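**Student:** As you go down the protein sequences, you meet chains A and B in turn.
In terms of the working numbering, the first sequence opens at residue 6 and continues consecutively.
In terms of the working numbering, the second sequence opens at residue 111 and continues consecutively.
To be clear, the hints were calculated from the coordinates, so they are not data collected in a lab.
It should be emphasised that the depicted structure is a prediction, and the values quoted were computed from it without experimental measurement.
Even glycine gets a Cβ: it sits at the ideal position worked out from N, Cα and C.
Warning: the hint list may mix true and false statements.
[What the hints assert, rightly or not] A partial selection of chain A residues facing chain B, derived with a Cβ cut-off under 10 Å:
(1) 375
(2) 377
(3) 386
(4) 388
(5) 405
(6) 406
(7) 407
(8) 410
(9) 411
(10) 412
[What the hints assert, rightly or not] 25 Å max Cα-Cα, derived SDA-like pairs, lysine to any residue:
(11) A/375 / B/217
(12) A/375 / B/345
(13) A/407 / B/138
(14) A/375 / A/332
(15) A/407 / B/259
(16) B/180 / B/217
(17) A/375 / B/223
(18) A/407 / B/302
Listed here are the chains, written in short residue letters.
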Amino acid sequence: MASESHPVVAVPADAERLRRLNDLLGLVAERNAFQRARLAGLVPLERLEDLARLPFTTKDDLVADQAASPPYGTNLTFPLERYTHLHQTSGTTGATLRVLDTPEDWAWWRRNLGIVFRAAGVGPADRVALAYSFGPYIQFWASYEGAQDVGAMVIALGGMDSPQRLTTIRDYGATTLLCTPTYAIHLARIAEQNDLRDALAPVERVVCTGEPGASIASVRRQIQLGWGARCLDHAGLSEVGSFAYPCDGCGGMHLREDEFVAEILDPETGEPVADGETGELVVTALARAGFPVIRYRTGDIVERNAEPCGARHPGRWLPQGILGRSDDMVVIRGMNVFPSAIEQTLREFEGVGEFRITFYSEPTAMDEVKLEVELARPLEARAIQAQLRQTLGLRVRIVPLKPGILPAQIGKARRVADLRPSPAATGGTAGG
Amino acid sequence: MSADPRGRERRSISEQVADAIRVYMQAEGLRPGDRLGREEDLARQFGVSRPTLREALRLLSSSHLVRASKGPGGGIFVAATPEEGIGRTVSASVASMLETQSITIDELLETRMLFEVPLVGLAAQRATDEEIAQLKAVIAEAESRPDDAALVGQVDERLHGLISQIAGNRLAAAFTAWVVEVLQPPLRALVAPAVVESVIVEQHRDIVRAIERGDPAAAERAMREHLVYLRDLVAAIGSAADA
Chain A
6 MASESHPVVA VPADAERLRR LNDLLGLVAE RNAFQRARLA GLVPLERLED
56 LARLPFTTKD DLVADQAASP PYGTNLTFPL ERYTHLHQTS GTTGATLRVL
106 DTPEDWAWWR RNLGIVFRAA GVGPADRVAL AYSFGPYIQF WASYEGAQDV
156 GAMVIALGGM DSPQRLTTIR DYGATTLLCT PTYAIHLARI AEQNDLRDAL
206 APVERVVCTG EPGASIASVR RQIQLGWGAR CLDHAGLSEV GSFAYPCDGC
256 GGMHLREDEF VAEILDPETG EPVADGETGE LVVTALARAG FPVIRYRTGD
306 IVERNAEPCG ARHPGRWLPQ GILGRSDDMV VIRGMNVFPS AIEQTLREFE
356 GVGEFRITFY SEPTAMDEVK LEVELARPLE ARAIQAQLRQ TLGLRVRIVP
406 LKPGILPAQI GKARRVADLR PSPAATGGTA GG
Chain B
111 MSADPRGRER RSISEQVADA IRVYMQAEGL RPGDRLGREE DLARQFGVSR
161 PTLREALRLL SSSHLVRASK GPGGGIFVAA TPEEGIGRTV SASVASMLET
211 QSITIDELLE TRMLFEVPLV GLAAQRATDE EIAQLKAVIA EAESRPDDAA
261 LVGQVDERLH GLISQIAGNR LAAAFTAWVV EVLQPPLRAL VAPAVVESVI
311 VEQHRDIVRA IERGDPAAAE RAMREHLVYL RDLVAAIGSA ADA
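This is chain A alone, in the form it adopts within the complex (with noise of 0.2 Å):
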């Protein structure tokens, strides 16, 4: 991997990280009864690429053992009174899980977005505005330290509505924005409709996570456009912790090949797919002991691509950050299809807003898209069906609306609807 300097993360050479990795797996394999049966006879390992010999661990697994022994399941590996942070997942695609941090582990969290500010350029002089409804989640709580980590001053905008949102960003002029990809676009047009435009004049750079959409070009472009603000995306899940930071230039992002090892698999094998291709991101956290995740099945699928970034920056990167989700993905008249390459078909076009895609069975059992979009140019609906079956290769039946009508998303968004009777999963984009 290209691993020239970077200001903030440096990949060490692979023996350090096999090293750190067998330090893990011996501890855990000890002291981690979800781990120890799992890990037996396989630990240590000889070379990094051993790491393929151990198991999966899938977020079923994880719940399965919550289940089993409820409240926190047996994935810890020290005593309970060790623990000192409480968070779960939001449960967007699929039962709620609970995860649990002793104090070593979330220094760790909190200088792993640390790290995400300062590879955007966040420093002492900026205010973050973190736009989160501050719940349990730990994405929100884990911002809220990594901005005061880079000696910024944090805001939290927890218990408001858009409006008032945005008067405290302008009040306060706040530089960075911390939100969804969804709720960048929609607080931006909030401020339009109503009259808050000089809300948006101070922030000078968005930060995206919780969905994919923020490496797609032109959901970033709409962002952007809409904010005057360059927009910078990252990734990180509860259960494994804030594994790619932004690529500030470039764009795309970065894994942090420094804490974690990881892997880009054929979802349906299980083996590496090969440059140029697809596949679905599975990390083993290297430091994160007290709630460990070995080769942990993200869900987020990504291309493997082997080039280094223009600026060179260390640790694989994505330059189309996540593409979409496994448990998104819908086959469709035998053809693999993420929602999220819809979604960026359509924000090609302006004046595009809320959308809702629904896929369903005709009564000849003809599998069919139904694309219900607002659109402010309606006379574009039929250049989005030409572009999208030219991209995609996919017949999409619009139905254009006036702006309004459908219900805005505003968190992790729910724009997709699977109503065919097969097996199918339905639901939002990201994980916890």
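Fit chain B to the known structure of chain A by using the hints.
**Tutor:** This is chain B only, laid out in the frame that chain A set:
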């Protein structure tokens, strides 16, 4: 008296008289507005008592076929052609079903697809140059103001009515008269928050162009797309209301 054309058993005298008057009207080629005569003339003509005749007229009037007019020069008049009568009867039934919510707008839109898609195919085969000019004149108005919701609604009504006329099947036209007479006002009100009028205008243009080209398959495709859009709007409104 001829045999009961419907083969139904035990029909009352007044029903039989109503049928006879119906046959008489058609045999004489009477048109709406033509005078049938006074009650007493008709009673004599059909050889029944006044009350029996009155009951027969009541049946015909509830089928929208005759109307009574009082005063000098009054009497019983032809109110509608048989197919108009059918159309009005169907419209009245659909209206009451809608009012009592015993049928959904979506089911009515599905019914429209069953009728109007093949009808527009016929229209594409049968339209004369004059009729095509009429169709183009109707949509031209909305094309100049594609965002005027009221105008687009009026154009929509006129266009659908005109197409079913051009299709040249009077019975099918009668069966779809309820579309304009009953369904359009509540449908327009329902979809108003969601409909993009310029899309409707574009769909109208596609339909008329296909008729102009004499291309029934394209006309049917365009009509189906138009009606599917309306159903999609109803569905979008419904799910927005649920949310």
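**Student:** If you test the structure against every hint from before, which numbers come out violated?
**Tutor:** 4, 13, 16
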